[in-house]
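With these hints in hand, go ahead and build the complete structure from the sequences.
Going down the list, the sequences are from chains A and B.
Residue numbering for the first sequence follows our numbering, beginning at 28 and increasing consecutively.
Residue numbering for the second sequence follows our numbering, beginning at 91 and increasing consecutively.
Calculated directly from the structure, the hints in this document are not laboratory data.
Where a beta carbon is used, it is the ideal one built from N, C-alpha and C, also for glycine.
Just to be clear, a hint being listed does not mean it is correct.
[To be verified] Partial pick of chain A residues on the chain B-facing surface, computed with a CB cut under 7 Å:
1. Y153
2. D173
3. I185
4. P209
5. K250
6. M311
7. V357
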Amino acid sequence: MNERILSIKNSFITESASVSDTKALEILRIKYLSKNGLLPALLSDLKNVAKEDKPAIGKELNLLKNFVESSFKEIKERIDSAGSSSKETIDLSLPARALPLGSKHIITQTMEEITDIFKTLGFGVYEGPEIESDYYNFEALNFAPDHPARDMQDTFFINDTFLLRTHTTPVQIRIMEKQAPPVRAIMPGKVFRNEAVSTRSHYQFHQIDGIFVDHKVTFAELKGTLVAFAKQFYGSDIKFRFRASYFPFTEPSAEMDITCFICKGEGCRICKHSGWLEILGCGMVDPNVFKSVNLDPDVYSGYAFGMGIERIALLKYNITDIRIFFENDVRFLKQFPALK
Amino acid sequence: MKISLNWLKEYVDLTGISFGEIETTLTMCGLEVESFENQNEIYKGFVVAKVVEAGRHPNADKLTLCKVFDGKETLQIICGAPNVAANQKVVLGKMGAVVPQNNFKLSKAKIRGVESFGMLCSEAELMISNDHSGIMVLSEDSVEGTPITEALKLNDIIFEVGITPNRPDALSHTGVARDLAAIFDRELNLPSFPTLSNSNAASSIFSIEIKNPELAPRYSAKIVQNVTVKDSPDWLKDKIKAVGLRPINNVVDVTNFILMELGQPLHAFDMTHLSGSKIIVRKAGSTESFITLDSKERKIDPETLLICDGIKPVAIAGIMGGENSEVTEITKNILIESAYFNPSSIRKSSKMLGLSTDSSYRFERGCNPSITLEAAERAAELIASLTGGTVVEGHIDIYPEKISEPQITLRLSQVERILGYSIETDKIEKILTSLGFSITEKKEDKFIVNSPLFRPDCEREIDLIEEIARIYGYGFIPPVERIAISLEKKNDDTILASRLRNIFVGLGFNEAYGNTLLSEKTAALYGKPITMLNPQSIELSRLRTSLIPGAIEMTAKNINVSEKNLRLFEIGSVFNLVNPKPATFSDFTEDKKALFLITGEANQEEWLTKPRKFDFFDIKSILNLIVSNFLLDNFVSYSYYSTQNNLFDLSCELTVQKDGKTHPIGFGGSISKNVLKEYGINQEVYCFELSLSELKSVQRPFPKFKDLLRFPKIQKDFAFIFDDKVKYSEINDFIKKSSSELLKEISLFDLYKNESMGSGKRSLAFNLVYYDFNRTLKDEEIDADFFGLIEKIKSNFNAVLRGN
Ligand SMILES: [Zn+2]
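Structure follows, in structure tokens:
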């Protein structure tokens, strides 16, 4: 008897699984639950069971009956709910409504990424005018009037007094004129050089300059801060080096190189086979700059640094022509939707 | 500048130091190696070989079939040169070698059916000279199998070094050698100078007068007689070529050699063309015309310093000699000029002439006034030995006011204060002396240091600290691992722009970066543009007065590449003249603006969406969003214009009232059809430009919380037929004004026109919402207000109530 119960249960499970419409369900019902169905037959056979086995078998039979009945209920509900939507079939693979995809320019994205790192290091963010006077752009930054250092930055002039700033460094003078040390600032912005437009150079580009002036600021701190920045921006596994250079507004001056992230230092076309990429210029604020803003270089010291944004973005996004930044072809702009 | 490693080694022993280490050291100490040419690499695989047999190629008349012995084996080589012959010693490029002239890698080749295992080379192919008339034939005693790097001494490394403007001393081989000697702690071996003679032989036959000693502090000269001007010997030619100059003759080459060795520019005059046996150094005084060595006629500015003889100019001081006194093959006697000129005077003249030479490049950066005489003596001796001439005893040396070395006090504590790292006093002393500084006094806490005149960049304590750090090595100064941050509030000037960017990006706009420099035509569309003094072209001659013209250009470019549906924005500065001749910052304006532009379809046709073109009301929607973002809602007003200026067909202006002042936040509209036509655009373009400074001045910092409404709203609708001329804004204002304060919201839910209303009429349907924050309104009080309003509208606008 027990075997019969089990076998009917198993066959019911198998057959009920494939039932998907009302018609099949009715056939199933007739087979198992109708007057001449399998379950009533089983129940009527209970009387033939030995008396001492009756309670146990009866319990098993009851469980089977409950199971079959509740299964019928579930299947019916399933078929009913499927039936209501199947009246109007939706093809869910149809395309969605298009929403416009906005994007920040990758110059903005790169500047924000750099700015955010320096903000965490305690730097404020300052902007200055794009039309500068010769004084702020050159003189106050220790460029003597007839010094060849001025040739390092081909300049667009408006007249004898005004020009388009060639770097964002003059903003440091404007800040220090207004604010006593400590001054810890970064200065993002657009700059201009009178250079022919080519794949590698443009007459307009962007820079981020930085400065920190206080008591006891040292070259060792400059190195530490810029290494922290570089690891954050380029990855903590980079190697770096600081080599001697020249900028009129810093002394000592340095260029910071990191291992080329394209060839991992093996040497490639991008790093001119040196394995190193120049990422920024820096140095200790020249005493003549302090004199321009009436600070005593024996009391204060400071460091300054600057980097070009386009160059960084070119390398980072694998772009080979700087002109594409300013052509504003939406096919280019839409390629960089990433937002932080 | 090109620096030859072999040449450097004449002044500093670099034994045991690899080429790579030298390259890195130069770069690290501030003499950046931008590139280099390693002849050992370039000439790898090229050896001396002997032509054993030279026979005819079976299939080609002009080719020779050679058997060539390379010291180990005999190879079959096909040669196309006409001069190849048996028993010649030649240069063989073996398989695998790369021909310098064309970077062609040699391999086994079949030439007209015969195999060839290498190549016999011409001087041109090896880039030794331009001679490509035939293969290079070597002297008979050359030994087969010897690499040409050895046989022809092609084993140099030429560095291209970028010299920063502060380092004129490094524009010479001795200068670069001095840095290397200091870093590697080796002896610097400067060339020996002839002992100066006291004879007045030279000064008795020639005289020199300096009229402007402030521009020419020193002028030294030597005379060499009876020279024979001809080609220089190979060793000199090789050096001249190594640094990228062209050998000229044994006089000019010597002056260039001294220039590259010591950094002292020299000039040799043919004395027969110097009238009056004298040199006068003076300012031009008036505008003169002068023909320089390169046969070009130059206009000389009155302030330019000239070298003249008794009657005429013979050279532009420090820049270039004159054609009239040039050394030629028939020159017999020469005067060697070795002077020190004022750097800024040379720079001005060189700029004015648009002429920069190896001489002017050094003079304007600052030469060494103390070396002029030694340099002239060394040149005279070399010229005499190469030309068979005789040096006239003695010299002429005009040096009215001796320039003294700057004296600098170096406080030893300052080195650590600036570097953040302590360097031993002994090391500091060693670095300074090895660079040519002399320590005249040593105290416990400071050095008194004399700075050599060849280092015009070193005149202050900080300059010495830089020298110490540079030679010690920046890499040895450890970076700090902790920094202190001061706790004051941090400024951020970019917040407003970031906020606008986020709004635009969220609305699906793409950020553009336009050009600040515009053409005259484009800039003229709006405002008062500033013109550049030295533009690259008329196309880039004006500063933008607005972001709109640039955005129209962008739009045209995108439409040209079939990108017709655009949402663009830009944040950037614009410039306008206030005074036509700006002398102060208030004579022009510089303003940061945010522009947004829409054109084409707002929705493209899709199975779910009906297509819709952008229109004027999209501009207003975006503005409303910005207005609510900056919490300006209640203070905003729009003014509308048709053809207010030639940039727009329809335009509007957004103003905000604050503190009793009207702030113009921005303007925009639909770009005029005429302008669009100019740019080849034939679809409507809408844009708007906001002023960031005005927006900043009116923005409200925080919204204040208002209690949520706890009582029901009562809604009422009506529709009126108005005369077409009545503006929506008038009706809206009238409704507000004529209702009780219980009316909180008015919206227009339908606008309808129909023949039956009569011409010049339209129906406007409004939905009104009434509520109070403190109580539930009664129907009767709202009805009174509502029906009262209907009567007022009827009579005020002569409007007809519809329907009901
Ligand atoms: Zn690389």
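request  = Check each numbered hint from earlier against the structure, then list the numbers of those it violates in ascending order.
outcome  = Hint check: nothing fails, all pass.
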